[in-house]
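Order-wise, the sequence lines are chains H and V. Going by our numbering, the first residue of the first sequence is number 145, and it counts up by one from there. Going by our numbering, the first residue of the second sequence is number 144, and it counts up by one from there.
If you are wondering where the hints come from, they were derived from the structure by calculation, not from laboratory data. No incorrect hints appear here.
Under the rule of at most 25 Å between Cα atoms (straight-line distance), these lysine-lysine pairs were calculated in the DSS-like manner:
#  : chain 1 : residue 1 : chain 2 : residue 2
1  : H       : Lys-191   : V       : Lys-294
2  : V       : Lys-324   : H       : Lys-191
3  : V       : Lys-268   : H       : Lys-307
4  : V       : Lys-293   : H       : Lys-307
5  : H       : Lys-307   : V       : Lys-480
6  : H       : Lys-191   : V       : Lys-293
7  : V       : Lys-480   : H       : Lys-388
8  : V       : Lys-294   : H       : Lys-307
9  : V       : Lys-442   : V       : Lys-424
10 : V       : Lys-335   : V       : Lys-424
11 : V       : Lys-424   : V       : Lys-379
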Amino acid sequence: MPEIVMREAIKMGLNEALENDPNVLILGEDIGAYGGAYAVTDGFLEKFGAERIKDTPISEATFIGTGIGAASAGLRPIIELMSISFSLVGFDQIVNMAANLRYMSGGQIDVPMVIRAPTGAGVQLAATHSQSFETWLAEVPGLYCVCPSNPKDALGLLRTSIKTNNPVIFAEPALLYGIKGEVPEEYYEIPLGSASVSKEGEDITLLSYGAGMGVINEASKILSERNISAELIDLRSLNPIDYKTIGKSIKKTNHLLALDTSRKNGGIMGEVVSNIQEDFNDWLDGPIIRVGAKDVPWPYNKNLERAVYPSAENIVTTILKKLIKV
Amino acid sequence: MATLKQEKNNKNIKLSKVDDEKKEMLELYKQMFLIRQFELACGENYSKGNIRGFLHLYIGQEATGVGSISCLNDEDYIVTHYRDHGHALARGLDVNRSMAELFGKSSGLSKGKGGSMHLFDSGKKFMGGHAIVGGQFPLATGLALACQYKKTGGLVVCFFGDGSTNQGTYHEALNLASVWKLPILFILENNKYGMGSSIDRVRAGGEDFYTGANTYDIPAAQVDGMDVLAVKEATKIAVDKVRQNGEPFYLECKTFRFVGHSLADGQKYRNTDEIKEWEKKDPLIKFPEWILSAGIANKIDLEKIQEEVNHKVEEAVNFAETSLEPKISELYDDIYKLD
Numbered sequence: 145m146p147e148i149v150m151r152e153a154i155k156m157g158l159n160e161a162l163e164n165d166p167n168v169l170i171l172g173e174d175i176g177a178y179g180g181a182y183a184v185t186d187g188f189l190e191k192f193g194a195e196r197i198k199d200t201p202i203s204e205a206t207f208i209g210t211g212i213g214a215a216s217a218g219l220r221p222i223i224e225l226m227s228i229s230f231s232l233v234g235f236d237q238i239v240n241m242a243a244n245l246r247y248m249s250g251g252q253i254d255v256p257m258v259i260r261a262p263t264g265a266g267v268q269l270a271a272t273h274s275q276s277f278e279t280w281l282a283e284v285p286g287l288y289c290v291c292p293s294n295p296k297d298a299l300g301l302l303r304t305s306i307k308t309n310n311p312v313i314f315a316e317p318a319l320l321y322g323i324k325g326e327v328p329e330e331y332y333e334i335p336l337g338s339a340s341v342s343k344e345g346e347d348i349t350l351l352s353y354g355a356g357m358g359v360i361n362e363a364s365k366i367l368s369e370r371n372i373s374a375e376l377i378d379l380r381s382l383n384p385i386d387y388k389t390i391g392k393s394i395k396k397t398n399h400l401l402a403l404d405t406s407r408k409n410g411g412i413m414g415e416v417v418s419n420i421q422e423d424f425n426d427w428l429d430g431p432i433i434r435v436g437a438k439d440v441p442w443p444y445n446k447n448l449e450r451a452v453y454p455s456a457e458n459i460v461t462t463i464l465k466k467l468i469k470v
Numbered sequence: 144m145a146t147l148k149q150e151k152n153n154k155n156i157k158l159s160k161v162d163d164e165k166k167e168m169l170e171l172y173k174q175m176f177l178i179r180q181f182e183l184a185c186g187e188n189y190s191k192g193n194i195r196g197f198l199h200l201y202i203g204q205e206a207t208g209v210g211s212i213s214c215l216n217d218e219d220y221i222v223t224h225y226r227d228h229g230h231a232l233a234r235g236l237d238v239n240r241s242m243a244e245l246f247g248k249s250s251g252l253s254k255g256k257g258g259s260m261h262l263f264d265s266g267k268k269f270m271g272g273h274a275i276v277g278g279q280f281p282l283a284t285g286l287a288l289a290c291q292y293k294k295t296g297g298l299v300v301c302f303f304g305d306g307s308t309n310q311g312t313y314h315e316a317l318n319l320a321s322v323w324k325l326p327i328l329f330i331l332e333n334n335k336y337g338m339g340s341s342i343d344r345v346r347a348g349g350e351d352f353y354t355g356a357n358t359y360d361i362p363a364a365q366v367d368g369m370d371v372l373a374v375k376e377a378t379k380i381a382v383d384k385v386r387q388n389g390e391p392f393y394l395e396c397k398t399f400r401f402v403g404h405s406l407a408d409g410q411k412y413r414n415t416d417e418i419k420e421w422e423k424k425d426p427l428i429k430f431p432e433w434i435l436s437a438g439i440a441n442k443i444d445l446e447k448i449q450e451e452v453n454h455k456v457e458e459a460v461n462f463a464e465t466s467l468e469p470k471i472s473e474l475y476d477d478i479y480k481l482d
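Bound conformation, chain H alone (with noise of 0.2 Å):
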């Protein structure tokens, strides 16, 4: 399997789809002429043309919209938005149009869209433009809620998420645009709604998703060394959530911790956590550890902006502390 990195395994995707269905089209602001703020769509005005790869002007509200008005009427239009943050000034067209439509229509519109966005923090980017706004729209029912940790994930995911005939929002954790990963050669989708075991253990369950992935990675080797085996599980989608997955893998381990990389008010972990306290409190031996980004806006200094974001340590240090209890 040839490894690439995420940014390429995304545009892999949007080719692809590009490729076979005439419908699709990208919409977003210096997608076309620039290249893309993060080069996801760079090349591709020179090899799809205008008509198909619109360079917009700085109106999210109304780009968004737009789209969501050409997948009314057949498109199957892309959207990027340089920043999930840049979801705020959208957010009535994504929740009262994109999300409502169907709904409030009875099931006579369908809106076959993907809103591609780069999320989180970790850059230096400060508070407008670091902040984890899937946690938001993953509670709009309507709405389908992705965000891959891994370039594997991100093009089957991405694959599943243009085929639906349902709005998605696909967020891309920025920090992972330059990260490698084996991309299998043969097609594959990823079933939206999948969580996935990245490495299987014993002694306690890791959860997280998009960057909280490597944190959890890092702590699951702190842990090795002191012989706490720790099985990981990528939540992939926020909605909906596999809650079977993450189920299976505590009545294995009977301990869970649940990591956001957002802040961890409102975090989506808060969610998932209370709905496997109701269900599979029978099995879980100790307490649900939460571990977020702490609940301030987001500095722009290096050392203040990292004392924000959740680490390995803090996380082997919480376990150490709540569970094992040394």
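Following the hints, position chain V against chain H.
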């Protein structure tokens, strides 16, 4: 009032053209009368508790919706605001199912899940009924992009009120439509009030809006929105321009609602003199007067139409009343399309 060309040549073709025009005039009247009676029935059923939520009536503005929509083809899309009953009926949406939707019944257009502000019929390319002021603009640009991209020859009519012109999406959509040369006809229904806020109090730039379209390089015109023939004529010109040039057009219709913003409105913000002044232009009085004076039809013809419409509205109320409530088990239907 615009005059009907009465060509009294002997040639049969010309005679049949006059007949067609007469029929068209009576159809315009019928639609306006239908909307008026439908809205009155809505008000009545709101008082009875059969209709709940917010109810915004189109009474007074009938000429704008009917005149403009009469110029559209089947492949053209319509998006509108929450005062949407008039547009829905003018587009030919089923009267029974429209009323049933307001009653929240399962036989309603949206199976009782949308209500008054969210009427849809995708088969008729009637894409809502949108209740966030200004939210419909981006939807319109998107539908127009699809028309352009697929080369359907269709266009989009986007209805909006004066209140929505202070939203960002209004300016964004005008800009985008112009830059991308999208086939949209923006139709402003300027009824002078955004809910209870008079344009005098909330708008910089005076009473006329159409001049502002120049900023976005969009050709624009203004028309008396109380005059159904004037609206029709202006829309015809506008629609032709949009189709021929593949570019947006902006049409401002000066109109007025004779009733409150919604049924919860005591209208403290405006005086009755103003309402009375506008009521003199009531299209449901002026237009039939003109029909009679122009010899297009006689009183009995009009009474026949009224009777037919009244019966239709009665039937719609009856249909809505006797329709079933949606089942609780349908609660989770239509959130996602099953792939």
